[in-house]
Each structure stands twice: as C-alpha cells, then as structure tokens.
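Colleague: Here are the chains, one letter per residue:
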Amino acid sequence: MAFGIEAEKEVIMKANKKDVLTGSYYIDGDVAAAYGAIAAGCKFVGGYPITPSTEAFEAFVHRAPYVGGITIQMEDELGSIASILGAVWSGKKAMTITSGPGFSLMMENIGLGAMLETPFVLLNVQRSGPSTGLPTQAGQADMMQSRWGANGDYEIIAISPDSPQEMFDYTIKAFNLSEKYRCPVMIMADECVGHMTEKVVVPEADKINIEPRRFYKGPKEKYLPFKPDKDLVPPMAKAGDGYKLHISGLTHDEKGYPTFSQTPDTKRLVDKIRLNADKIIELNEDEIDDADVVVVSYGITSRVAIRGIEQARAKGLKVGNLRLVTVWPFPEKRIAELSKKVKAFVVPEINYGQIVYEVERCAHGNANVVLVPHGGGFVHNPEDIFKAIKYAAQEKKKVEGIIEHKTELYRLIHEKNS
Amino acid sequence: MKANSKGVLTGTHNLSGNEAIIEGAFAAGCRFLGVYPISPSLEATDRFLQRSGEVDATFVQMEDEISALAAVLGASWTGKKSMSVTSGSGLSNMMEHIGLGIMLQTPCVIVNVQRTGPSLGIPNGVAQGDTMQARWGSHGDYETIVLTPNSPQECFDLTIKAFNFSERFRVPVLLLTDAYIAQKKTLVKIPPTKDLKLISRKLFKGAKNKYLPYKNDKNLVPPMVNVGDGYRFHVTGLTHDERGYPVMTSECQEACVRPLMEKITKYQDEIIEYEEVETDDADVVVISYGATSTVVSKAISLAKKDGIKVGSFRLITIWPFPEKRVRKLAQKIDAFVIPEINFGQIAFEIERCAAGNCNVFFVPILGGGLPTPEDICKSIIKASKEKKKIEKLIEL
Amino acid sequence: MKETRAKYWRKSLNLSEFKIPKGKIHILKDRCKGCGFCVEYCPNNVLELSEKFNAKGYHPPKIVNENDCVNCGLCEMVCPDFAIWCTLDKEVCLES
Amino acid sequence: MKIHPLFSTFANAVKKAEIESDKICLVSDFLYQPKISEYLGFDLFHVTRGRSIPFATGMKLGNPKLKVVVFVGDLITLGGNHFMHASRRNMDIVVICVNNFLYPKINGKKSPTIKSAFSPYSVFERPVNIPHVARSSRAVYVARWTALHKKELTESMTRALGKSGFSVIEVISPGNCYFAGIPASPKENELIEFYHKNSEIKNDEDTKNVEITAEKKIIVGKFFEKKRPTYIDSYNERHSKVIGDKFKIYE
Amino acid sequence: MNKKTVEIRFAGYGGQGIIRSGIIVGRAGAIYDDKFTTMNQAFGPEARGGACSSQLLVSDDKILYPYVAKSDILICMAQEAYEKFEPELKNDGLLLYDLDLVNLKNKRGKVKLYSIPSTRFAEELGQKIIANVVMMGFFTAITEVISVDAMKKSIPESVPSRFVELNLNAFDKGYNYGKNLVK
Amino acid sequence: MAKKKIEPHPMENILRMDRIPHIWCPACGIGTAVTSFASALEKLKVNLDEVCVVSGIGCTGRVAGYTKVDSFHTTHGRAIAYATGVKLGNPKMKVIVFSGDGDIIAIGGNHFMHAARRNIDITVICVNNFIYAMTGGQVAPTTPLTAYATTSPFGNIEPPYNIPRLAEACGAVYVARWTALHVRRLTNSIVEAIQKPGFSVVEVISPCAQYYSRINRLGDGLDMMRFYHDNAVIKHNEPTENLDIDYQKQIIMGKFIDREKPTYIERYNEWLSESKPKKK
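Chains as they are written, first to last, in the numbering used here: chain A, 1 to 418; chain B, 1001 to 1396; chain C, 2001 to 2096; chain D, 3001 to 3251; chain E, 4001 to 4183; chain F, 5001 to 5280.
In isolation and in its complexed conformation, chain A is listed as follows (with noise of 0.2 Å):
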C-alpha cells in the first residue's frame, strides 16, 4: 500500500466552476442527468439515440462544446459503450447512455467494463420490455438485469433517482461513486422520471463535491494495474503516461497478464463492492421506528407509494417507508434487521417480481412479502399499494413465499376473460 491515494484519507475536490451552470431550471429529468454530468466533469458521452433516454444525449450534446467536452453519436450501443471505456482509459470522465434494448446490447461491454475495473457511468431510462416493447413508456424491468445481465460474476452500484432533481444530485453521486470503486455504476431511472419536468436548482460549483479519479503516483516501473489498495480497489493510470499499460478483458493478475484459472484475487471484483456496502448505501426512511408493514420501493415508484401510505396512515395503519436510492448493492442488513421487527413488506415495482426476490431473500422468511406488480406501461394505481398495505397489516399468518397482490388492472384484463 506504499503507492496511490491511501484509501481512508478523503480527498476533498470541487467541482470546476466552468462545468456547473449554476441557476434554478425547468428541465425534464433527462436533461437534468446531462446537467449533473457535466458538473461531475464527465467530458465524454458515447451516445445512440433510444427513447426514452434520448433527450439527455441531446442535451449534453448541446453543452459538450463549452465545457471542453466531446460527444460521438456510434453507429450502435456496441460501439457506444465500447467508445467510453476508450476514453475512460485515457484520462476523461465519460457516460453513456441508453433505455430497454440498448442495455441489453451493451450487457457484452459492461463486463468488460467490470472485468477492466473502468469506472464509468451508464444512465438506463427504463421503458417497458420485453424487447421493444412500449418505447415511451416506464418501466422498472431491468433491475435484475443491471446486475446480473453480463456473463460471468461481478458487482456494479445502481442508484434509482425520482425526480429531475434527484437525477442532477445523483448523476454526480454516481460519478464519484464510479471513480471510488472503479466500477460502472448505474443510473437505472425510468422513462417517468426522464421525462418528468420540474424546476432543478442546479447550487455553486463549491458547493459539489467531486471524487478525484485515483491515479497512481508511484515510480512508473513499480506500477501494477490491479494491484488493489486497502480498500480493494487499485489505483489507476491513464494510457499515454509511460506506463507500459497491459490491460486485458481476459481473467488476469495484479500485472494485468491473463492467468489459466481464477486465483482469490479475481474474486476482488465483487468483494470490493460486497465488503463496501454499507459505505456505498443510501436510503430514504420514513416512519419506520414503530412500522407494522415497511413499503420498500424505487425511482418513481416511491413517490407513487406514498400516495397509498398517506391513504394507509389515514385509516390508522402503521405504515413505514423505505425507499431504495442505491437499489444495487442490496441493503441486505437493512432489511434483515427489519424484517424481525415488521409484520410485512410490501413491494411495489414496475415489473412482475424483481427486487421483491432480493427483499424475500434477506427477510429469511421472518417476515411476509407482498408484491404489487406493475406489467409497465404506466405506474401503479396508489389504490393498489394501499389495499396491499391493507391486507398486509391484516394478515396474521406467515405467508411461505411472495404473496402477489392482485391489481385493479389484473382484475379487469384476466379475471375478466376467465
């Protein structure tokens, strides 16, 4: 640990006053995420234009020139996400952003990504899938494959913003996070909240704080690209600095050559954000100290939620909030320790089950869990959270398994027919 940044000691960097057009906006969540980008110093976007995520390429398009910055619009998402782990690599800061069959497109590159420890940024407006499925419309479906979509193990961070503002603050949030661990971390917004418009009050360049890309400062010959710090993450180089840089997506050593078996070392690639975790979570609470039933929920959904958890605490029930800001890695303790104190949890989602698994898991099935699914399209019907918030608080017994609740909507297109 003789060399690079020494992993406690916090480098406090500002964001460059050129790069931060402070002011109060009326943009759309899109828009705010290039905003936030910008400001983070990201200097590169790889695009390919995909609705719902378009507008953000746009954006930052339009602002690149004046910040020094530089965009190129690839010929396909392959080459979008290819582009910026190029560019990470030499030196800048990049982004790339996308929506529904484009992240699946990109899910090769991304393990690239993770096996060459590139921290980038990646920003998913979810629509509704499968495949093209509804392209202007949200969705919450590729939870799961954000984490697990590329072949092969690793660990990324995801953070699921609920509104434009969110979507500047954790922009920034997820390029300093990126940078820290040197992973991809995702931005999974939906297409509700990229196209949400309201006011965004971008603050003074001082007052944001940037996380430094960890070079390594070391005599050039001593230099090993995945020679991890304390923390498990290796100080990094940029190409073009002398130092004879061997970086490979083949499994590798500290030197960076490939090895014929995986040794305890690869498996730094998930430990660094597994034992990180709780350095790396943040969630919202709300009333949830003396919580019979806790409603777990993300991006949009969460403020979707708590028009049923007003409705909920109105009738008297004890309801708590728990809202998911980084949704990967998974506040496993969190709820685990929760899960012995509340009768139930209730997931709403915009998708059939995805998290909700997750929440089952670390709940040990001390607790019941009830999904209110949402096939996309739109979001959920707050009367629906309410009556599961409902039947949750009423249910005496230990449910095995996720209890579904059945929507409104379920009702009238399949009980209808049967």
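Derived from the structure by calculation, the hints contain no laboratory data. Some hints here could point you the wrong way.
As the list claims (entries may be wrong) - With a cut-off of at most 16 Å between alpha-carbon atoms, the simulated EDC-like pairs for lysine to aspartate or glutamate come out as follows:
1. B/K1208 x F/D5049
2. A/K341 x B/E1391
3. C/K2052 x E/D4100
4. D/K3065 x A/D253
5. B/K1006 x B/D1195
6. D/K3035 x A/D229
7. D/K3023 x A/D241
8. B/K1266 x B/D1195
9. A/K255 x D/E3038
10. B/K1328 x A/E400
11. A/K17 x A/D206
12. C/K2052 x E/D4061
13. A/K222 x A/D271
Knowing the structure of chain A, use the given hints to seat chains B, C, D, E and F on it.
Modeller: This is chains B, C, D, E and F only, laid out in the frame that chain A set:
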C-alpha cells in the same frame, strides 16, 4: 410426434458433450443452426456442419452473435426447428434477441457453453457464471426455461427436452453446459427413432382470415403458423394485442406480457426436473448442477465416512427454479451447501427459498477448473458443525 | 416493298377514335394529413386544398376541376396517407 | 519470448516514424501477446471481440494526443459496422488488419475473407474485399502486404502512423492450416512464403480489382491515399465557426 | 381556486405543441411564480397524429404524486383528445377547447366551458403551430392559475428569438379574447 | 363514434387498412414509398402469401405493420439478419427488408455488408430521410455535412454514407436510388429488384418534414418534394463513387448496378452436392 429417422444416429457412440447436443438436436428435428464461432462451443458447430448434408439441415455462420440469433428466430418462423450455440460473451450479445424471441414467442434453443467470466475471462475455463444471466439477462420481464446437463448423455437427452419445451411453450430455451461437460467424451446411447418422444409446435388449423397470431389457447400458448402459408400475419417486438398489432397501453402490456410468464409458471411442475439422493434423513444437503455435480457425489461419499448425514440435490432445470422442493427441504434439514463455479448466483436463490429455516453455506469455486471432492467435503463438514442458525448467506 | 415501307409510316391520329380516360377521384378526408402532394403534382390541376378542417385539423384536398381528371393515378401514387385514389369512370372520345 | 514478426515490423515503423512510444496505444481484440507492452513499451488494451475500433475511437477522442493503433484479426466480422463508421468519420486511428484467412485461435473457423477453395466451410461464401470496403467507406490510406513484404510493410506502417486519419493496412499472415493447394498442415512460415510468392505488387491499383480469389495472384501494394479532415479536425472547425470564441479547440 | 394542488391536462394531437404548452406553463409557475409544478407528458410514436397530452400539477407545496388523477382543468385542442380525456375531468372542472376542432358531445352539469378558435387565430397570425400559444393566453386569462407576467417571461425561453414577438402576440390575442369572455 | 363505412382503397389486399391512418407525420415520404412497393407487388402478380416483409425499428420500421403479407417488426438494425433466417429457412419466400437508413446503415451496417457479401436473395428497400425521425431528429449516418440535427446542434461533421456505393462495395447485385417523388420509376425499380435473384438494394430519398426539414428550415414536405423535382437528375449506371449527397445539392438517381452473381443458397446447394458423395 415421431422423430424423423434421418437425423437419429441410433446406437452407442463416443461423443463429447458438444457433439451429443448436436445429435440431440438432429434427433429432435432441428434443421437450422445460426451461429458465430466462439470457444468452447466450436465442436458443436463442427458437428452440425459435418452432418448437415446427411440430414438436410441448413447452416449459417453469421457475422456476430446478434445476427446469429436473429437468423435463428427468422428461420424458426418458417417452420424449421432452429438453434444457436454460443459461449460467454456471445450470450451477452444475444440478450437483445432473447427478448425478441420471448416477445414474438418464437421457439428456439440456445446452447450456452459457459466459460469463465466476466468479459473474455478464460476461454476454455470451466465456469457456471451465467446462471443468473440466463434468467435476467434481457431487459423487461420474462420467464424462460434453462436446463443444465451434467454428462454427454444428458446433453443428448436434455437437448431433445429443450426442443420439446421450446415448441410446446413457444419460448427460447437455454441449455447451459460448461467447458468441462462440453469437452468430456463418454459413451452416449441414442435410442431408436420410435422411442423418441417429440413435441412440435401447435399449428393453427382454422380459416386463414380468422387467424390471430397472439390469441392464446387455454394453455396460454397461441398456436403458430409458418411464414408463407398464406396467413399474412404481422408480429412485432412492441407490446401487441391478439392481432399482433402494437397497442401502447398498460392494459395491453398486462394482457400481453403476463401470459408470457404465466405460461411457464403455470406448468412449472411439468417442467422442473431434479435429482435427489438420500435427502430424506439428511442433515446437510448439497445443491449442485452441471460440472460441479460430477464432483459432489464423491465429496458426499467422503463426508459420509465422517458420519455426516448428507444428501444431494441436483438441479437439472435451473429456471424455473424448483422453489417448492427447496422450501420443503429447508424445513427438514440443518444446512444447504452450494458449491458453484462462480461467486454466488444460485446460492442467493436458495437463501431466498430457505426462508431462514436452515443455514445456507455457499462455496465459491474459482473458475478455470473443477473443485476437488476433498475441498467440497471440507465445506460439508464445516457446514454440519454449525448448529446455530445464521440469517445470512455464509461463504466458505 | 410497299408493305415494308408502309410499316414505318406514321398513322395519323384518328381523333374520333382516340379515347381518353376520365377518372373519378375518391378522397378519404379524415385520413388526409394535408401535405398537399396530390394538389401539387396533379398534372391537370384537378385538386385544391379545401379551407375546411378535417377531424384531425388538416385541410384535405377537394376536387375543383372534376372533368379534367384523366385517371393518371399520380395522386394515388404520391399520397403518403393512402387517402386518395382514382378509378376509371368512363372513356370519352377526345372530340366530344 | 518470440515476438510476433508483425510486432517487430511495427516497432521498426514506430522508430522510423519518430513517435514517442509512450504515446502509442495498441488496441486489439485478437493479435495478442501478453508481454508485448512490456517489451515494446506501448500501452496495450485487449478488449472484446470486434469492439476494438469503437474502444480506440473513445480513446482517441478522450485524448487526441495519443496515437491509437488497432490490431485486428478479422476486421469485418463482428466489427464490420464499427469499421465502416469509424472510416466514414475519419477517426484518426491506424488499423492493421491481420488477414488470416481464418481464426487462428479457434480451430480454423472460417472468417469472411476466405475464398471458396481456402477452407472446408467457406465454399458457399464470398470473401470481403477489405481494401475496397475501406476505400468505399472513405479511409484515407489503404494498403495490403503479406507479412513477408517486410520493407514495404514497414514503410506503409510508417506512412500510416505519420498520417492523420483512418488508415487501413491489410496484412496477409495466415494461420497454419486449411489452405487448399498446399500440403496438409504446412508450417506458418511456409504459408507466408507461399503467399509471398503468389502475390503481385500493383501500387495504386483500383481497389475494385484486388479481391482475393483462388484463381489469381494476390495483389498487394499501396492502393489509395488521400487527405481528408479527421473527426476531431471537423469538430474543431465546425464548432469554432458556429460557436465562435466561446469554443475552445479540442485537443 | 383555493385548492392546494391544481391538476391540469393539455390535450390535442401530436405536433400541436401540447407538450411545449405544459413546459411553458410549468416553467412560468415553478421559476417565475415560485410555486411547485410537475409536468409529465404522454407522448410517443403512436401519438404522432394521434391523441397526445401533457399533465401539469401546480401546487404551493412539494408535489409527491406526480400525475393527474382527475383533472381540474382540461384544455382540448382536438376531437380525439376531447373524447379520450373528457371523462377524467372533475364534475366541477373547467374545460377549455378549440372552437373549430372540438365538437362537444354530452355536456356535463357543472363543468364550466370556454372555447376559442385558437387554430384559426394562429393561422390568421401566420403560423398554425402557435395555436397552442393562443390557447395558453386564453388559459391564463380564464383560470388565473399562473400570472400573466410569469407566462410572458416563460414563453421567450421556449421559442427561437426570431419568433418571440409572434408568440407574444399570439399569447395576447388569446389572453384578450379570454378576458373579454369572462368580463 | 359511429363509423362510416369507408370505401375500399384499391390497395386493400396489400395494405392493412384496419391500421390506417398510420403513424407517419404529414408530408412524410414513407407512405409514398409504401404505395410504390404495393403497386410493385401488384405489377409483379406474385402470390402474396409468399411475400414476407421484415422491418426494423424507426419510422420506416413501421412499414411491416401496414403491409398485409407475413410481416415482422423486429429489433433495431437486425431486420436483415432476421430476413436471412427467413430466407434460408424457406427459400421459396420473397423476402423484402423495408427499413430506414438509421436502421439498415447505422446499427445494421454490419448485417447489410455481410448479407450483400453472402448475396442472400433478399430485397432491401431503404428509405433515406437523412435523419433519425422516430426518436426526434438525431444525426444519422446519411445526414449531409453541415446539416443540423438535435445531436449535431452545430452542424453535422461526419461525412454521410453513400448507400449505393457501400452496397456496391459489399457485393450487392442490384442497386438503384430514387426519390419519393419519382414514384413510377421507383415502382419499376422495386419490381426489378424483387425479380432479381440476389441481394438488391433500392434507396428511396424521402422528405422528413417534421424533423429534417424543420430543424434545417427547409420548409415543409412539399418544399422538399419541389427540391427533389428541381435537383434530382437521372443518370443510370453512374459510377457509385459519384453518388454522394451533399447538403441541398444535386441528387443523382437511377439504376447503378445490375449484375449476376450466384446467391448464397445456390452456393450452399452446390457445396452440399459436392460434399455429400464424399461422406458416403
């Protein structure tokens, strides 16, 4: 349906896993392979090409995996049973089209010979790192069927099964093998043609103008037609109604996407297959699949010598996950031990299903080679000694 | 000889026999998106944009010189919205 | 360690072109020798198959001072699209395409450049005429040599390194089997020699005519050279014209 | 209106500037009137030429649930949009519509109705696409949810500088027409 | 809404009239291209049951939804790959890929190139409107230099692709280009292309009034059509390197390539018949 004797190489042959898969495919009636070469799945391609002349099968090597699967989907709609073979990052590239296959409800089989990852990893290294990807890798909600053989014989059998499932449920079915099984050569018994039980897609038989491409029958699977039969249908990857036309509402999404999942979950009992050995009075149950399961049996016999009551539970169908059975087992035993050649994938799923009823020990095995029985045995012993309940996935 | 030469002679046009088609134009007003292609490219200026709105708020074409239509079909070909076509009404002699 | 002859040729070219080796960055998805960076002093990135050109694109845009060189095996299989578009944009990278007639690493599977007689699989496919596609996609420098045309190849590489814009050099350096007309499993050097003998230098030949076929000799040479603003040039030019003083030249 | 949150829906067909209307009004509220506003759009390829709408919530407090459940104010600029969204209008809601493009069907009891020939006005002003601005002027005059000053500050931010005057004229035209109606 | 009975359109048997009005904007040329395609099918008198249309994503990608034959609306860029599968699976079919420039040339460029190289017997009708219109006007690989788009707000800096040249270089056997205005010639070209065995490409230059011409202030769709009328010249057999399209400059149209080559299936069958006896 009877198999076409042309493709069935009845008899006993010395085949590698890769070759057995192709023989299985031919026996199942597969006549189209769209592929892009990637180790360690190459022998499969070779075998297909060698035999394609004899069985009148069509082969195309496309420019990448993306188009390979696209061609497979296209060919499937012409009425040919179709498949693709890939590995590692090739599967990552196919993700978009797995989604399309799900949405269009196109029967096809994808063989993934797993290699060590992430990214390029170790090209010929044994691994099981794509199990979660097989379930969650494409965007949006879907359910799929994933089978894992643990011997060339099973490669043959399960390939036929995979085709049967894919035709029956109109879904892309994944066969997850690994570099070890794929290259291991053993004797494979191929039964006579008349003993093969094949399922072919249900074709629509009604009047041409009455055909609705996505009107589900009572099994939630719509009957299919072939391109060129005069039905003049339209299909789209967009959310669609019964006619196959895009409709942009959440009602339609619910009506369109949920059955895609329910058609599998509803029949999961018929799909799920697993192998249990001495689990009845076991204290510890080892859960394994694919390559690791070949080592587990030895490890168990070692552990038994130490007086530990160990059972074995081998997953043959990984997805849909045999949730019910695992839940039941969890209530009876002290611990699960899960050796996997990855850093924890199915282990999470088992932790979920154990629901706090028993301890869950997970043994991450480094990719590239097989674990030794002794190592696994040690883990079993460690697991059996832990008497306290720990509400957490325990890594050994 | 005579015959071969006669073969290349131009026959004079018998106007009383030569028939030109007369077309009937069909317009689906509510399908129209008012692009104006048919109006612009009608060789005989049969059409004109009307001042009225259709259900979508566009100005569909209207027929102003009904008799001039020769069923050439260009409006049909050039219409991007499949909203206009013509059929053969009758064939009329040029003289009449 | 035996260094692949191509790398030594390349190292010579770098020397001749008088480029600081620190500023050279190799990106490869195929020709891969782990310790090459250590020996020759370049940075080396080994990325996923077919994606080396977009990776290099990002690299070049991230730091325009770098000289990015892409070593690819089969340029146009997975990465054909990236190749076409990088060429169209005139990204300032040098592409050295090693045409093996097959993938040497994976059991001699056909690649799109094999002509019918060359491999048992390829009978029914035409090969791609790499120089012609490169030229049609507007590359600024297009040449082809066999690996034994060392002098010419070094010269070509030097020229390409000194040039700004998308340069493509196809190097015929086959893997060691599956070639029709040659006794089974010839040695690699025999093969290259075979190609060397069966090639014909025709500089400035129209790329339409340089398709590799079993019937005629392989035509090698420098086929095309032109000057054209690179992506970054056009970016700077256009933006300073439209934005004016507020725009800082990107370099 | 003394309610906390006003739920507004702009509806028409794609290409009429429906979403832009939402943004302009929303911005006027959020930035220049110091309220909280949330604008959401329902648009897409299917909407081009079909019904499309934008939803706007205006409130004095932070807005949590960001959608229109039942609209207080519905602004209709096309028949299809009217038919689609009229049922979600509150019984005591307010309906503003384009006189030429919307034919009212069943008039509900307490719904207040105001109409303006906005497209015709816009065509008179020379640009059909500014019909939405005429409608915004009309909306400002009738509802007074957003102040005129705020609107006039907000409009120029959404249009190219060479069209600012035209747009402000269009706004005034709608505004004055509206003021005359409520007088 | 009480529905009036609508008179039958003459293309009723080729187009899905129940889906029309379509989603394309006013004055979009794709509809015109579809009409040409439909009349080409009518002229060809083919059995419509054996025609298959495959489209990708984008405005033109929706064509599959409006043609009343077997039609597939697939993923972005992969229409040609998908069509390859359909053609090889059932060689009887006449497979037509009808998609846009962004779909076929940008993301699907590789498939275009390789299908041309293999000479798969499909017909590609590529509607080129110089922009990505479905997503709202981003720069496309065919956008002329200096033209504006939402992702090239300062003018396009990437030289555009010349589709006929690319097709020729990759080995297409039939290449033609027409504008949406030259409907009759376009129809004839499509007829020829469908009849031609092998990979044939017809490029259709089409106005995009909503995005391309609005962002570049080129007036409405009609103005674009007038521009084609004035600036498009017919030059058959013109060498493809001269076919670049510059911003608002002359457009050269015509039939450029018409050559004979064995198709993939022919070669494949040849190989099969050669290799079969060896096995026995």
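Colleague: Does each hint fit the structure? Answer for all of them.
Modeller: Here is what the structure says about each hint:
Only pairs whose Cα atoms come within 16 Å are accepted, and B/K1208 paired with F/D5049 is accepted, the gap being roughly 11 Å. A C-alpha spacing of about 15 Å is found between A/K341 and B/E1391, which places the hinted pair at or below 16 Å, so the restraint holds. Using a Cα cut-off of 16 Å, the hinted pair C/K2052 and E/D4100 holds, with the two alpha carbons roughly 9 Å apart. Taken as a hint, the D/K3065 and A/D253 pair is broken in the structure, with Cα atoms around 29 Å apart against an allowance of 16 Å.
Distance check on the hinted pair: B/K1006 and B/D1195 sit about 14 Å apart at the alpha-carbon level, within 16 Å; holds. A C-alpha spacing of about 24 Å is found between D/K3035 and A/D229, which places the hinted pair above 16 Å, so the restraint is violated. Between D/K3023 and A/D241 the alpha-carbon distance is near 7 Å, which keeps this suggested pair within the 16 Å criterion. Under the criterion of a C-alpha separation no larger than 16 Å, the hint pairing B/K1266 with B/D1195 is inconsistent with the structure, at around 28 Å.
The suggested pairing of A/K255 with D/E3038 holds, with an alpha-carbon distance near 10 Å, which does not exceed 16 Å. Of the supplied pair hints, the one linking B/K1328 and A/E400 holds, its CA atoms being roughly 11 Å apart against a limit of 16 Å. For the given pair, A/K17 sits about 8 Å from A/D206 by alpha-carbon distance, which is consistent with the 16 Å threshold. With a CA separation close to 45 Å, the supplied pair C/K2052 and E/D4061 exceeds the 16 Å bound.
The straight-line distance between the Cα atoms of A/K222 and A/D271 is roughly 25 Å, outside the 16 Å bound, and the hint therefore fails.
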